[in-house]
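J.: Protein sequence lines correspond, in order, to chains A and B. 75 is the number of the first residue of the first sequence in our numbering; add one for each residue after it. 355 is the number of the first residue of the second sequence in our numbering; add one for each residue after it.
It should be emphasised that the hints constitute simulated quantities derived from the structure, not laboratory data. On a predicted model such as this, the values are computed, not experimentally measured, just so you know. Glycine included, every Cβ here is placed at the ideal spot set by N, Cα and C. Do not rely on the hints blindly, as some may be mistaken.
Using C-beta positions, here's what the derived DEER-type ranges look like [unchecked claim]: (1) B:512 - A:224: 54 to 64 Å; (2) A:105 - B:479: 53 to 63 Å; (3) B:693 - A:106: 46 to 56 Å; (4) B:526 - A:306: 48 to 58 Å; (5) B:395 - A:211: 46 to 56 Å; (6) A:105 - B:569: 20 to 30 Å.
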Amino acid sequence: MTAPTQQPRIGGNAGMDSEYLEIRGLSVTFDGFKAVSEVDLTVLQGDLRFLIGPNGAGKTTLIDAITGLVPATGSAQKSGAELLGKKVHQIARLGVGRTFQTASVFEELSVLQNLDIAAGAGRSFLTMLRRRKSVLPAIEEALETTGLADLRDRPAGVLAHGQKQWLEIGMLLVQNASVLLLDEPVAGMSAEEREETGNLLRRIGAERVVVVVEHDMEFMRQFATSVTVLAGGKVLSEGTVEQVQADPKVQEVYLGTAAAIGTELETETDAATTAATDAAADTAASDGAPVLEKEA
Amino acid sequence: MTSLIGSVRDRLGGSGRESSSLTVLAGFAVAAILLFAVAPAVLSDFRLNLLAKFLCFAIVAVGIGLAWGRGGMLTLGQGVFFGLGAYIMAMHMQLADAARMKQDVPGFMQIAGIRELPTLWQPFASAPVTIIAILVLPGLVAAVLGYGVFKRRVKGAYFAILSQALAAAMAILLTGQQMLGGFTGLSDFRAFFGFKLSDPANRQMLFFIAAGTLLVVVAIARQLMHSRYGELLVAVRDQEERVRFLGYDPANVKILAYVVAAFFAGIAGALFTPIVGIISPADIGIVPSIAFLIGVAIGGRTTLLGPVLGAIGVAWAQTSLSEQFPSGWTYLQGILFIVVVGFIPAGLAGIWPMAKGFVQTRLSTPTGPDAPAAAAAGKPAPAAGNGAARADADTTGGDAADPAKNESDDTTPDEEQKVESR
């Protein structure tokens, strides 16, 4: 278990040789349609950044562009190394990892095998042709961090939805990714699983650049240290949760959807509070994260 | 005998249980005894030669099991590599026969009026060059092909069609080549590296070579399947894009499996020629290429021994049935293929785990030993959470108290889905 030395905080806990993600003027065009347009974004190590925005705002496309899945113009640098124009697996080797909206673990392989594969991109040919004899320390650590240690020999396919997402995050950890791009990690999770995931992100976020694309506003309020709002492919607003929530432009974009999100959350949190009052209270207290009022 | 069944069962079980090195050795020992002692003792020379031919198919099948079963590449064109190995061997044997009779060109060329040895043939007069070519060329061709195909992310049905088209093209090309015997191919070999093929002892030696090769090939495939590479190959099969995001180039992973499969097919072809005594375009085109596949599908493509037993079994059934019902076999083969693909997608090797799963589902009790360890992990128990959020609508709700049942219900549709998606 690694006790993070620092909690994620606004503006990051950057030291001299810390990691950062710097995006300048990034645009993605599909057949003349600008899905992402001139986006500037800087995330420093230790800043748990949430990327929110209405559907079609270009959040996932932005992540796709950074990870090499779609071609883009502009610049995206990880700690000084340019990512755009490189192939997907080359970007991954530079330490940029991502997850997907639908957990995409290797279902027929065990949890341990999944992690071992994630850890092995730099292995030599001869190492690959040999059997896995022991468990790497990094993998043990990831098993502990993600709470999957007891499930290590289970096929990943039988894991619960939330556990699969944790496994994905664990795979990013052993992959040695220092920039983590998570696409809706808590979608479809139960209240308890969200809680666990949020805490997991806080544990790992201190030493890495973490960008979370999320629709779940409650989750965002609870765990984000800073927020970037995208709308129509452009950066609309950026700042702390309070700043962003107070921004009239953001309120305008979310007008109409906010009410719907609010009611949805109302019922969900009601159910959750009965089930996980203790856990939630604990986290709120220990994290010192202010439990914010929902926007009307 | 029970140990044999046990070890076979272990390995048919595939990735599930890792058999200890002792059982593996025992398995190989039993196979060796069967092939090297029992088979020659109980089979006539004719039958033994037939079995040798089947072993050649089994060697191809091991490669297909690796590329298709583990790597998800539906190789419908292994005839290309089989043919390469077979024709190289055939050319060498023709030239060796001609040299022994102090002739410049093989007999069939003299009949066709070819007086000068074509350039293509010249290197294969030398035995070492021939052997090296058999070991290297099929794999090299596969590497070039694989590089072109997999780097461009051609996969699935497109890859299958492409590979099949290659087999067809190769057969057509060979049919048009008078200097390679054309439609009738190459035959009438007298000796295999100096050993007369008319001598039954030498023919038995050919069987032993095929048997030994099969054992080595199975051992290589086993090592590959259980290595880290083997795990990665399965990962590429199931989630190719995901593997890319972990920093691997999946094309390289696939190319290796494809090359190994081609390597095996080439060796099998080279053994096929002296054992059967003829190689012609009809042995390497589309139909034989698909026939290679049927045994693998029936035996169980994801397992180590399934393809071997399947290939031998199908070839044996074909021979013995067509002796009695000359036209019946084609129908039976079709029916068998449909039944296996439709109802036992994991092949005959899948019947045992399927039956085991069925029995476990029936016998499982709420306090089953392998209840999901989620609760033990100190994490919120998944089944007890709000099940609606998770997409497992197939669990017949309220089964949270019966985790073992819940789990098996969960797994079965998953597996079916995966098999279909391949």
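J.: Now look at each hint and say whether the structure bears it out.
T.: Evaluated hints:
no., hint, verdict
1, B:512 - A:224: 54 to 64 Å, "violated (42 Å)"
2, A:105 - B:479: 53 to 63 Å, "holds (60 Å)"
3, B:693 - A:106: 46 to 56 Å, "holds (52 Å)"
4, B:526 - A:306: 48 to 58 Å, "holds (56 Å)"
5, B:395 - A:211: 46 to 56 Å, "holds (55 Å)"
6, A:105 - B:569: 20 to 30 Å, "violated (57 Å)"
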